[in-house]
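Engineer: As a plain string of letters, each chain reads:
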Amino acid sequence: MLKFEKVTKIYFLETNKTPIVALSNVSFEIKEKEFVSIIGKSGAGKSTLLKLIAKEEEPTSGKIFFDGKDITHLNNSEIPLLRRQIGIIFQNPKFLQKRTVFENVKYVLEALGKKDEEIERDVPMVLEIVGLADKINSLPVELSAGEKQKLSIAQALIHRPKVVLADEPTGNLDPYNTLDIINLLLKINEMGTTVILATHNKEIVNRLKKRVIYLEKGKIIRDEDKGSFIL
Amino acid sequence: MLLSLKRICKLGWEGLIREKETILPTISVLFIATFLVGSFLVLKKTGEILVEKIKEKADIVIYLKKNTKEEDILKLRDSLLQIPGIKNVKYVSEKEALDEFLSLYGENPLYKESLEIIGENPLLPSLHISSFDIESYDQILNFLENTEFKDLIDHTSYPKTKLIIERIFSFVSKVEKIGMIIGITFFIIAVFVNFNTIHLAILNSREEIEIQRRVGASNWFIRGPFLFRGFIYGILAGILSFFMLFFCCWFFSNKLYDVLGGINIFSIFKEQWWQILLIQFGIGVLLAEISTFLALQNFLKF
Chain A
799 MLKFEKVTKI YFLETNKTPI VALSNVSFEI KEKEFVSIIG KSGAGKSTLL KLIAKEEEPT
859 SGKIFFDGKD ITHLNNSEIP LLRRQIGIIF QNPKFLQKRT VFENVKYVLE ALGKKDEEIE
919 RDVPMVLEIV GLADKINSLP VELSAGEKQK LSIAQALIHR PKVVLADEPT GNLDPYNTLD
979 IINLLLKINE MGTTVILATH NKEIVNRLKK RVIYLEKGKI IRDEDKGSFI L
Chain B
24 MLLSLKRICK LGWEGLIREK ETILPTISVL FIATFLVGSF LVLKKTGEIL VEKIKEKADI
84 VIYLKKNTKE EDILKLRDSL LQIPGIKNVK YVSEKEALDE FLSLYGENPL YKESLEIIGE
144 NPLLPSLHIS SFDIESYDQI LNFLENTEFK DLIDHTSYPK TKLIIERIFS FVSKVEKIGM
204 IIGITFFIIA VFVNFNTIHL AILNSREEIE IQRRVGASNW FIRGPFLFRG FIYGILAGIL
264 SFFMLFFCCW FFSNKLYDVL GGINIFSIFK EQWWQILLIQ FGIGVLLAEI STFLALQNFL
324 KF
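For the protein sequence lines, the chains are A and B, in the order given. Convert by adding 798 to the 1-based position in the first sequence; the result is the number in my numbering. Convert by adding 23 to the 1-based position in the second sequence; the result is the number in my numbering.
Here chain A stands alone, though its shape is the one from the complex (with noise of 0.2 Å):
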C-alpha cells in the first residue's frame, strides 16, 4: 500500500541556509489494512514522515510509492487525485467557524464534487460513527476538544479515503478524550482503511500492541509488528 525507498528530507534554514536533516535513508513498507504507529520525540521526523506521504513536502532523495504507483514527484493536477485516497487528522484541526458540524462535514464532499443525495446519505451516517450524530446542528465552537478532534476524523473519513493519516490527534486531549479517539482510529482499521498515527504518548503506543516505527534524528532505529514504548 505504502513504501518508503530511501528517503531523506533536508530542509534548509532561510536564514543561513544550514541543512536540517528531517528524516534520513529511510525505508519501510506498509501494508492495507494495517494500523502503524510512528512514533518518537519532538523533532524526530514522524510529521515530515506524514507530510511525504501527503504530498505537502517532496523528498530530497529516494522514493515513495502509494498503492503500487511513484508518488516521488507528482504534479499539480495529481496531487489532488492522491489526497482524495487519504485522510489526515491534526493536533489542532481547523474548521469553517460560521458552519454547523454537519456543514463542516457536507463541505468536504462538496469540495470534491459529490452529488446531493450522497451528501444527505454518508454525512449523517460518518457522525453517528465517529459519535457526533447529536451534534449535528452545532457549530464548532460549541464542542468540546475531545468533540472537534472526532469531527477533523469525520472530516477525514467522509472521502472513504484509503489511507489515514493521524499526527498527534490526541495532543491536546485528556486521557478520557484520548482513549475515544484511538478507539475511534481502531474502529475505522477494523472497516479495512489503513492508519498512520504519529504520537508520543507512551501509553497509546503500549495499549494498541501493534506495529510500531521507531524515528530518532530522521532514522528508523526500531521497526516492530507489536511494539511497545521504548525509547
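The reader is advised that the hints may include incorrect statements.
Said to hold, decoys possible - Below, simulated SDA-like cross-link-like pairs (lysine to any residue); rule was C-alpha separation at most 20 Å, straight line:
id, chain 1, residue 1, chain 2, residue 2
1, A, K892, B, R229
2, A, K913, B, S241
3, A, K904, B, G247
4, B, K76, B, L64
5, B, K33, A, Q895
Everything labelled a hint here was simulated from the structure, so no lab data went into it.
Based on these hints, arrange chain B on the given structure of chain A.
Structural biologist: Just chain B now, kept in the frame of chain A:
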C-alpha cells in the same frame, strides 16, 4: 461539472457577503480603471469625428486663366481624378461662378455697383477638389507644379485645413499614446491594489482553502469561488463606471458642443453605448480576475 459550477458560484457568493468590507476598496479601483477606459473610447471617437468633419470641409480650388477652353479644363479635371485619394473634382465655369456670386451678394449695392463698373464677368473658371485624403495632399501639390496644364492655372487656393487636420491628428495620436500609457499604468496599479485587497479576502478564507487542499479538491474548485467574486467585482465596477460615463457625457455634451465644433458627445455615447459597456465589463472582469489569480497562487502551492 454543472454541480461543481453551481457550488463554486454558491461559495463565491457566500464569500462575497462574508467579506463585504472588501467590496468597496476593490470596486473603487476597478471603477476608476474602467471609467478611464470608457472615457478614452468616447474621446477617441470624438477625435475621429472631428477629423472627419474638418476633412469634409477641406478643399483646394484651382483658378484657371480667363478664357481657358472648357475642353482643357475638363482634361485637367480628369487628370486630377486619376490621383489616388481624390474622390471629387467639381468644375465651376465663369458663368456659374458669377451666378453663385450674385445669388449670394447680388443684393449688396456695393458689389452690384462694382460689377457694373467692371462691365464684364471678373470671375475665373475653377476646379474644386473636395473630399480628398489628407495623405494625398502633397501628391496634389506636386501634380499641379509639374502638370502639362500648368500654364492654364491662374492661381491656386490652398486650404489652411491641412495644418488644422495635421494638428488634430497629432492631438488625437498624442491623446491615444498618453491614454494608452495612463491606461497601462493604471491597469498595473489596479492589479496591484486589487491583488492586496483580494489577498486579504483570501487570508480570511485560508481555513476553507486548507480544508479543500487537504481533501484533494481541484485547484480550479479552490480558485472558482474567488474567481466568481472577481467576476462580480468586475461587473459591478463596469456598471458603475458605465453610468458615471453616461452622466458625464450627458452633463458635458451641451457645454462642449461649441468647443467641439458641433459634436455632441452624448450622441457618441448613445451610438457606442453597448460597445463601451462591453469593454468596461471586459476590462473590469479581466482586471479582477488577473488580481485574483495572482493573489491565489501563493495559497495553491503544493
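Engineer: Could you tell me which of the hints above the structure violates, numbers in ascending order?
Structural biologist: No numbers; nothing is violated.
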